[in-house]
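> The lines below spell out each chain.
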Amino acid sequence: MAPIDTAQSSNAAGEPSAALRFARQSANTLFSLFITFIGLLAVTFFISRVIPIDPVTAILGERATGEQIAALTQKLGLNDPLWQQFGIYVWDVFHGDLGLSVRTRDPILSEIGRYFPATLELSTLGILIGVIVGIPAGVLGATKPGSWRDLFVRLIGLMGYSMPVFWLGLMGLLLFYGELGWVGGPGRLDSMYEMMIDMTVPPVTHMILIDTALAGEWDMFWNAVSHIILPASLLGYLSMAYISRMTRSFMMNELGQEYITTARVKGMPERRVIWVHAMRNVAVPLITVVALSYAYLLEGAVLTETIFAWPGLGRYITDALLVADMPAVLGGTIVVGAVYIGINMLSDFLYRLADPRAR
Amino acid sequence: MSFLPLARKAGAATLAALLLGAAPAALMAATPADTLVIAAAIDDIVSLDPAEAYEFSGLDIVNNTYDGLVEINPATLALEPGLAESWSVADDGVTYTFKMKAGVTFASGNPVTAEAAAYSLQRAVKVNKTPAFILNQFGWTAENVDTMITGAGDTLTLKVDKPFAPTFLYNCLTAGVASIVDAETVKTHDVGGDMANEWLKNNSAGTGAYVLKSYKPNEGVILEARPGYWRGDAILKNVFIQHIPEPATERLQIEKGDVDIARALTPTDVAGLEGNADVSVVTDVGGQVYYLSFNQKNEMYKNTKFLDAMRWAIDYQGMADTIMKGAVIPHQSFLPQGYLGALDDLPYSLDIEKAKALLAESGVKDPVVTLTVRNAADRMDISQSIQNTFGQAGIKVELKVGEGAEVLKDYRARLHDATLQTWGPDYPDPNTNSSTFAENPDNSDAANATGYLAWRNAYDPGAMTAASQAAVMERDPEKRKVMYADIQKTHRETSPFILMFQQARQTGLRSNVQGFYAGGAVDAASFWLVSK
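Chains E and U, in that order, give the protein sequences. Just so you know, we're using this note's numbering here: the first sequence kicks off at 1 and counts up by one. Just so you know, we're using this note's numbering here: the second sequence kicks off at 1001 and counts up by one.
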């Protein structure tokens, strides 16, 4: 690690103080976040205006009269110049107003507040499974490339990469739910619990595992676990495929480095060489890999959510798209984008923590 | 390798976690004995306020939580007394008197009165949501409805603005928008003069067999039976409708017994369920009709021989049997099966030779039809079949595929050449389809009468407009029926519309489920008669 330290100190030379540096970095980050977010708003807004879906027809439908169409066009401000519409839109978004859903006429922000926790719960569990299984699997492959274990891990990874997720999901349901009965079916709970939950479990976080645990409803908690485990494993499998591949390649690269040879020559136990010395350096690029996988899952695994009747964000956006509910699509996309930006920021932060050169 | 045990431990821990999660599920039995569990796609619900609900799933809920003055028998689909025990129309043809049934209570325990009934209809007009037009047809407006509709004692009086066919009013009173609400309860939940519209999105205040316990959009609806339902208490105590949009998932659930009824199965799933002794499939018609229409701004489509040639160049039965596999039945008139006066005969079938001969007779040379189609799988399949058979008859079809709202916009602006469309009736009276398919009082561009499908196709139905307008005023139900039959016959022989199919719905039921009625083309589903 010595060269890294040198690099850091040379970088640090001439800097006034750590606090000031941190403040400046944070300001930079925030500014770039702000610009990115405005860019996101602009892109989604203008795309929604150029696609051939007329919002007025979408809202009023087949039976609308000419007067109704004119009135709504006026009310939605669609006669105003585009830049003015965009200005109003940005103003509203920064005031927490994503507009009303065309279909339900409810505020989109509160709808997303209901659907997003379901996705968050599912994808967090998914990425945990992906990391817990994927990293050791990748390391396993890297330490003995070409062995049958390595081939096995790569084969499993390849399958996760190449099989369509709806097929895997349906087959998983068929096997583990339909045939074996090991897991719960689609939905977040059995219908019996679904009917009880409103009365017994206060919706604190809207995440069922956490809410049921907080309420001490353990039967319900375990039932929720049995429902989430299959879709979470599926998502875990998909991210595992990516994470294990990348871990393997990063690790193989590290294991070829001279400091590893040095460590081995010193007589250091192999376990320490791999998990402490090599892993420290593998961790840096791996953070990006994991963060990207997580963001990908959080965007809403649309097909998984559809097959497992999971009331999540991905399905919300898809359903909205199918009925041309553009405000909801726009709102959902912005939330996804914001989450993406947030995760990027987090991974930047972790990156700096793990790699002193980046500080 | 020294790290292997660690990996093994991690693997074992993961597996253990998996199995731990699995264990309680394995112990769970099928659906609870007192609960009807239904898998359905319910993302169409906008509101469960009967004055606003106007989508299939929402009306199913309303049908089980509210009743109207006039009801439809779930089994026979015939009109029968609802909350009114009897009714009559005065000789002037505009004054109706309904005698309320005695001893009926709302779920709250409040009695059903003529005042509550009057309030309900007044409210539906005043709240003025999408389905309000069904009531507005009778001349009721927010301004006059308080005097046009009055209730006192056990008598409700309705005044309408024209001497309509009484069956027209009675049929419209079976619609969800005419449900009777618990006026006392509703008034206590008024927020800012919304007449409890917001509250009724998530709550019910009706006389129905069930009360709405919970509604979570895109997740599910829970209904709970109430004691003392006037048609006899619901057999099952709870109904849980779970939003399962993926048909293959529904199929798995019903095979497994985790749901009692599956309502969004595709023909493929139905085929897969064949031979499964635990599941039966029932078919019921819906109200939607599929049609082709041709814009008469193009002179070619005024040629009746040419229109006839196209009628004989469609494989009605073949499409229903193969690409639509039970999702539709052939149907060739604009009134769906189940409607007063509907013609169910099928005079046309695929006959390429006949089509060729008619095309030759018509004098139209090398016709090219540009068919606008929505980018949905079933629409694409149908239009490709038509492209094929029209081609065999010598009529070239060019497909123009677009997103639904966009296709609709062109259609409403009379910019299409030909289009494949569906139409769902608005209320259970023949006037709903007759007025739009067979009437067009002003065919000029300036009229912009997009509400008339005839206008959208620049079609002037001539004497049919008057005939249809007369049918909605005909006071003798039998005569009225004959009038609609005549209109449909003329329409299908002369208009630039080709009616092809009526929607069919296939519902999967666990074999122990009895007494489920989906409602046909005129009504919504009934849950209170279901046993298992």
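Warning: the hint list may mix true and false statements.
[What the hints assert, rightly or not] Now the in silico label distances, taken between C-beta atoms and shown as ranges: (1) Arg1414/U with Gly113/E: 37 to 47 Å; (2) Asp1486/U with Leu322/E: 38 to 48 Å; (3) Ile51/E with Asp1366/U: 27 to 37 Å; (4) Val43/E with Asn1375/U: 22 to 32 Å; (5) Ala1033/U with Pro164/E: 50 to 60 Å; (6) Ser1531/U with Ile51/E: 47 to 57 Å; (7) Thr1494/U with Gly39/E: 55 to 65 Å; (8) Ala213/E with Lys1187/U: 20 to 30 Å.
[As the list claims (entries may be wrong)] Going by beta-carbon spacing under 8 Å, a handful of chain U positions derived as facing chain E: (9) Pro1217; (10) Pro1247; (11) Glu1255; (12) Val1401; (13) Ala1413; (14) Lys1489.
[Unchecked claim] Only some residues are given here: those of chain U computed to face chain E with a beta carbon under 8 Å: (15) Val1104; (16) Ser1108; (17) Ser1214; (18) Asn1303.
The set of hints was computed from the structure by calculation and includes no laboratory data. Think of the CB as a built atom: it goes at the ideal place given N, C-alpha and C, for glycine as much as any other residue.
> State the violated hints by number, sorted upward, taking the hints as numbered earlier in the document.
5, 8, 10, 12, 13, 14, 15, 16, 18
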